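Colleague: Protein sequences, first through last, are from chains E and S. The end of the first sequence is residue 366 by the numbering used here, with every number in the run present. The end of the second sequence is residue 366 by the numbering used here, with every number in the run present.
Since the hints were derived computationally from the structure, they do not count as laboratory data. All values reported here derive from a predicted model rather than from experimental measurement. Just so you know, even glycine gets a beta-carbon here, dropped at the ideal spot from N, CA and C. Don't take each hint at face value.
Said to hold, decoys possible - Simulated crosslink set (DSS-like; lysine-lysine; CA at most 30 Å straight-line):
# : chain 1 : residue 1 : chain 2 : residue 2
1 : E       : K129      : E       : K254
2 : E       : K339      : E       : K254
3 : S       : K339      : E       : K59
4 : E       : K59       : E       : K37
5 : E       : K37       : S       : K59
6 : S       : K339      : E       : K37
7 : S       : K156      : S       : K37
8 : S       : K339      : S       : K37
9 : E       : K37       : E       : K254
Stated by the list, open to error - If you anchor each label on the Cβ, the simulated ranges turn out as follows:
#  : chain 1 : residue 1 : chain 2 : residue 2 : range
10 : S       : G292      : E       : P34       : 28 to 38 Å
11 : E       : A50       : S       : D35       : 29 to 39 Å
12 : E       : P34       : S       : A350      : 45 to 55 Å
13 : E       : A313      : S       : G195      : 25 to 35 Å
14 : S       : G292      : E       : P75       : 41 to 51 Å
15 : E       : Q83       : S       : D315      : 26 to 36 Å
16 : S       : G195      : E       : R208      : 36 to 46 Å
17 : S       : V352      : E       : A55       : 50 to 60 Å
18 : S       : D35       : E       : G63       : 39 to 49 Å
19 : S       : P220      : E       : A76       : 53 to 63 Å
20 : E       : A313      : S       : W351      : 44 to 54 Å
21 : S       : D354      : E       : E349      : 24 to 34 Å
Protein chains: 2
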Amino acid sequence: MSARMVGVLGGGQLGRMLALAGIPLGLRFRFLDPDPKCPAAEVGELIVGAYDDEASLRKLARGVEVVTVEFENVPARAAEYLQSHAMFYPGRAALAAAQERLAEKSLFHALDIPVPRFAAVESRAGLQKAAAYCGVPSVLKTRRLGYDGKGQFVIKSMEMVDEAWDVLGGVPLILEEFVTYEREVSLIAVRGRGGETVFYPLIENHHRLGILRLSVAPAPRMTAELQALAEEYAKRLLDRLEYTGVLTIEFFQKGSELVANEMACRVHNSGHWTIEGASCSQFENHLRAILGMPLGVTGIDGFSAMVNIIGEAPDEDAILAIPGARLHWYGKEPRPFRKLGHVNVSAREAWVRDELAAQLRALLGP
Amino acid sequence: MSARMVGVLGGGQLGRMLALAGIPLGLRFRFLDPDPKCPAAEVGELIVGAYDDEASLRKLARGVEVVTVEFENVPARAAEYLQSHAMFYPGRAALAAAQERLAEKSLFHALDIPVPRFAAVESRAGLQKAAAYCGVPSVLKTRRLGYDGKGQFVIKSMEMVDEAWDVLGGVPLILEEFVTYEREVSLIAVRGRGGETVFYPLIENHHRLGILRLSVAPAPRMTAELQALAEEYAKRLLDRLEYTGVLTIEFFQKGSELVANEMACRVHNSGHWTIEGASCSQFENHLRAILGMPLGVTGIDGFSAMVNIIGEAPDEDAILAIPGARLHWYGKEPRPFRKLGHVNVSAREAWVRDELAAQLRALLGP
Numbered sequence: 001m002s003a004r005m006v007g008v009l010g011g012g013q014l015g016r017m018l019a020l021a022g023i024p025l026g027l028r029f030r031f032l033d034p035d036p037k038c039p040a041a042e043v044g045e046l047i048v049g050a051y052d053d054e055a056s057l058r059k060l061a062r063g064v065e066v067v068t069v070e071f072e073n074v075p076a077r078a079a080e081y082l083q084s085h086a087m088f089y090p091g092r093a094a095l096a097a098a099q100e101r102l103a104e105k106s107l108f109h110a111l112d113i114p115v116p117r118f119a120a121v122e123s124r125a126g127l128q129k130a131a132a133y134c135g136v137p138s139v140l141k142t143r144r145l146g147y148d149g150k151g152q153f154v155i156k157s158m159e160m161v162d163e164a165w166d167v168l169g170g171v172p173l174i175l176e177e178f179v180t181y182e183r184e185v186s187l188i189a190v191r192g193r194g195g196e197t198v199f200y201p202l203i204e205n206h207h208r209l210g211i212l213r214l215s216v217a218p219a220p221r222m223t224a225e226l227q228a229l230a231e232e233y234a235k236r237l238l239d240r241l242e243y244t245g246v247l248t249i250e251f252f253q254k255g256s257e258l259v260a261n262e263m264a265c266r267v268h269n270s271g272h273w274t275i276e277g278a279s280c281s282q283f284e285n286h287l288r289a290i291l292g293m294p295l296g297v298t299g300i301d302g303f304s305a306m307v308n309i310i311g312e313a314p315d316e317d318a319i320l321a322i323p324g325a326r327l328h329w330y331g332k333e334p335r336p337f338r339k340l341g342h343v344n345v346s347a348r349e350a351w352v353r354d355e356l357a358a359q360l361r362a363l364l365g366p
Numbered sequence: 001m002s003a004r005m006v007g008v009l010g011g012g013q014l015g016r017m018l019a020l021a022g023i024p025l026g027l028r029f030r031f032l033d034p035d036p037k038c039p040a041a042e043v044g045e046l047i048v049g050a051y052d053d054e055a056s057l058r059k060l061a062r063g064v065e066v067v068t069v070e071f072e073n074v075p076a077r078a079a080e081y082l083q084s085h086a087m088f089y090p091g092r093a094a095l096a097a098a099q100e101r102l103a104e105k106s107l108f109h110a111l112d113i114p115v116p117r118f119a120a121v122e123s124r125a126g127l128q129k130a131a132a133y134c135g136v137p138s139v140l141k142t143r144r145l146g147y148d149g150k151g152q153f154v155i156k157s158m159e160m161v162d163e164a165w166d167v168l169g170g171v172p173l174i175l176e177e178f179v180t181y182e183r184e185v186s187l188i189a190v191r192g193r194g195g196e197t198v199f200y201p202l203i204e205n206h207h208r209l210g211i212l213r214l215s216v217a218p219a220p221r222m223t224a225e226l227q228a229l230a231e232e233y234a235k236r237l238l239d240r241l242e243y244t245g246v247l248t249i250e251f252f253q254k255g256s257e258l259v260a261n262e263m264a265c266r267v268h269n270s271g272h273w274t275i276e277g278a279s280c281s282q283f284e285n286h287l288r289a290i291l292g293m294p295l296g297v298t299g300i301d302g303f304s305a306m307v308n309i310i311g312e313a314p315d316e317d318a319i320l321a322i323p324g325a326r327l328h329w330y331g332k333e334p335r336p337f338r339k340l341g342h343v344n345v346s347a348r349e350a351w352v353r354d355e356l357a358a359q360l361r362a363l364l365g366p
């Protein structure tokens with residue numbers, strides 16, 4: 001059997017986990033990443049180069065069956081090149097919508113998916129007007145390249161508007177109403193080449209300093225109605241974008257309502273528990289989708305949690321000694337706030353899962 | 001974090017699956033195999049060379065934390081070299097005992113582990129004598145290099161003794177009583193560096209033409225007594241050999257008795273269901289053991305089965321469409337009787353597992 005090759009733009013931990021899921025399916029992987037020591041280097045062929053370097057993109061696309069991405073902010077030039085030279089999923093249009101907050105919020109709005117009140121901001125005067133419309137508190141955000149809480153400024157009162165502009169002004173911005181919510185949940189959705197869809201159960205996410213620390217699945221106190229609502233919203237997006245692959249949507253939950261925060265056109269940190277916690281992981285399902293294979297079962301048989309390893313390496317043996325803890329290193333050097341790995345736990349009973357997750361958090365920091 | 005390196009003698013599918021289990025633990029792998037296209041080539045560094053070539057063995061051992069093996073018949077010279085130049089598990093003594101049937105049966109016998117009646121055979125006259133002692137039917141086997149039913153001759157009556165000698169005579173042989181048994185079961189045992197042990201539930205195995213086709217875990221109608229008996233036998237072996245790593249023992253079951261057939265000083269085909277079916281797979285536990293990490297949980301939460309893909313590639317989409325089927329290709333070209341991959345299924349209920357396994361067998365041949 002000659003192996004089917006998959007090209008991946010980006011060689012981070014998501015690429016690494018895609019390959020670990022895909023190699024058993026008989027797939028081989030080629031990555032493009034500027035870092036020769038990137039996490040995916042160990043599990044496939046690596047082209048070292050800039051994401052938008054055409055010669056590198058050509059090498060990436062040559063002879064592969066399909067090309068996909070493992071990070072958010074794909075340069076437009078790279079997306080254009082790949083779209084016209086390869087089977088490229090999830091495709092340029094979806095990437096463009098996801099990486100520009102104004103386009104993203106406008107898309108949600110157009111599809112009747114609830115979003116916080118928002119307004120485009122291009123000037124100091126415009127920010128005053130936007131703040132009057134959105135109210136305070138509200139959050140000023142750069143439209144591009146924001147993640148993990150960077151490029152954001154919370155405007156707590158009208159007096160802070162000028163300070164916000166001083167900090168972030170000069171690039172295209174968006175102001176969003178500050179939504180009070182009970183919790184953040186995310187939905188991992190998968191759409192196959194033929195339009196078929198599957199969804200994982202809603203996940204509850206906990207952040208610290210803007211970085212995901214803990215995901216719990218299924219989200220506690222989740223109702224069938226809430227799951228159906230999230231899936232309905234996701235389906236509108238998937239179909240509008242004619243999407244292929246995994247799409248993740250983050251929602252704020254208020255009672256029985258879901259307000260869309262953002263989407264990611266890729267596998268997602270909040271879905272890492274699926275490696276052991278679901279029958280078919282988000283990584284395998286993304287590959288199945290983009291290769292036109294039947295989609296895998298997304299059901300969860302029990303209760304799972306994922307705890308991120310951030311910044312520094314913990315006592316590994318203490319983690320491995322926790323019954324059923326599954327350790328996933330990304331092969332990265334420790335550095336403050338860096339995602340170095342994660343640990344998954346699963347159990348038949350929710351309280352056992354909670355107990356195991358608490359042990360992990362005690363080892364891995366708050 | 002600088003990665004911990006593991007050296008593996010052999011680059012077949014077992015090496016490949018060791019690496020797929022070990023990369024998430026932050027390990028890197030180096031393999032020695034004569035075949036540049038061996039299954040493990042995709043998941044680590046590969047040294048192409050003969051198993052007993054000293055220059056290649058030196059390269060394999062250089063700078064790795066530990067060396068292990070992924071096949072049975074390790075040349076004595078290779079085992080000697082590795083034993084004296086590396087942390088080498090499971091070690092020379094265990095390998096020597098496992099690859100010579102007379103030594104193996106004698107070891108079982110010395111540890112009061114039931115074995116079929118057996119006798120060494122070195123001549124035609126000796127075979128006559130041995131056949132009188134063991135009775136007919138009995139099985140004449142080469143002492144070395146026999147696997148998957150090769151190098152064996154069933155002597156059904158005393159008249160066949162000469163024919164048996166004509167077929168196999170000239171190399172060291174062993175004659176074994178032909179045991180009538182209800183089924184074959186295997187036990188995957190793990191012993192850590194500090195002597196701690198864990199065991200997977202007994203597995204029921206089904207062969208065709210001497211090749212494993214189906215493993216079912218836990219073995220149906222298994223009792224706590226049978227499990228305890230198998231573990232007691234395994235513990236005797238592990239402790240006598242001061243074993244580190246995974247050791248597999250195949251037993252013939254007759255009622256409440258277990259008769260040892262053979263052992264394998266490595267992860268085993270009958271344990272492949274542990275990749276998804278157990279909390280910690282046999283591959284991960286072998287690595288945890290040889291690296292001195294805490295051993296992982298071996299319990300099974302439900303019912304699992306593994307069906308081998310032998311000789312030719314089946315309809316892949318049909319396999320992937322079976323709910324929960326987990327496909328594992330080894331990256332090998334199809335060839336008659338060759339193990340190309342396997343498919344695992346798990347379920348909460350035994351009858352669901354049996355149903356899924358039946359669907360797989362319909363696709364994958366008898």
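Colleague: Could one say that the CB atoms of G292/S and P34/E fall in the range 28 to 38 Å?
Modeller: Because 36 Å falls inside the window, the suggested range holds.
Colleague: Going straight from one Cα to the other, do K339/E and K254/E come out at no more than 30 Å?
Modeller: holds, 29 Å
Colleague: Between K59/E and K37/E, does the CA-CA distance stay at or below 30 Å?
Modeller: This hinted pair holds, its Cα atoms lying about 19 Å apart.
Colleague: If I claimed the Cβ atoms of A50/E and D35/S lie 29 to 39 Å apart, would that claim hold in this structure?
Modeller: At 36 Å between Cβs, range holds.
Colleague: At the C-beta level, are Q83/E and D315/S separated by a distance inside 26 to 36 Å?
Modeller: holds, 31 Å
Colleague: Taking the Cβ atom of A313/E and the Cβ atom of W351/S, is their distance within the range 44 to 54 Å?
Modeller: Check passed, 45 Å falls within 44 to 54 Å.
Colleague: Note whether the CB distance of D354/S and E349/E lies within 24 to 34 Å or breaks it.
Modeller: holds, 26 Å
Colleague: Could you grab the alpha-carbon distance between K37/E and K254/E and see if it respects the 30 Å cut-off?
Modeller: violated, 42 Å
Colleague: G195/S and R208/E, beta-carbon distance inside 36 to 46 Å?
Modeller: holds, 41 Å
Colleague: Does K37/S sit within 30 Å of K339/S, going by the straight-line distance between their CA atoms?
Modeller: holds, 15 Å
Colleague: Should the hint that V352/S and A55/E are 50 to 60 Å apart at their CB atoms be regarded as holding?
Modeller: holds, 52 Å
Colleague: With a cut-off of 30 Å on the C-alpha distance, tell me whether K37/E and K59/S pass.
Modeller: holds, 22 Å
Of the hints listed earlier, those the structure fails to meet are numbers 3, 6, 7, 9, 18, in rising order.
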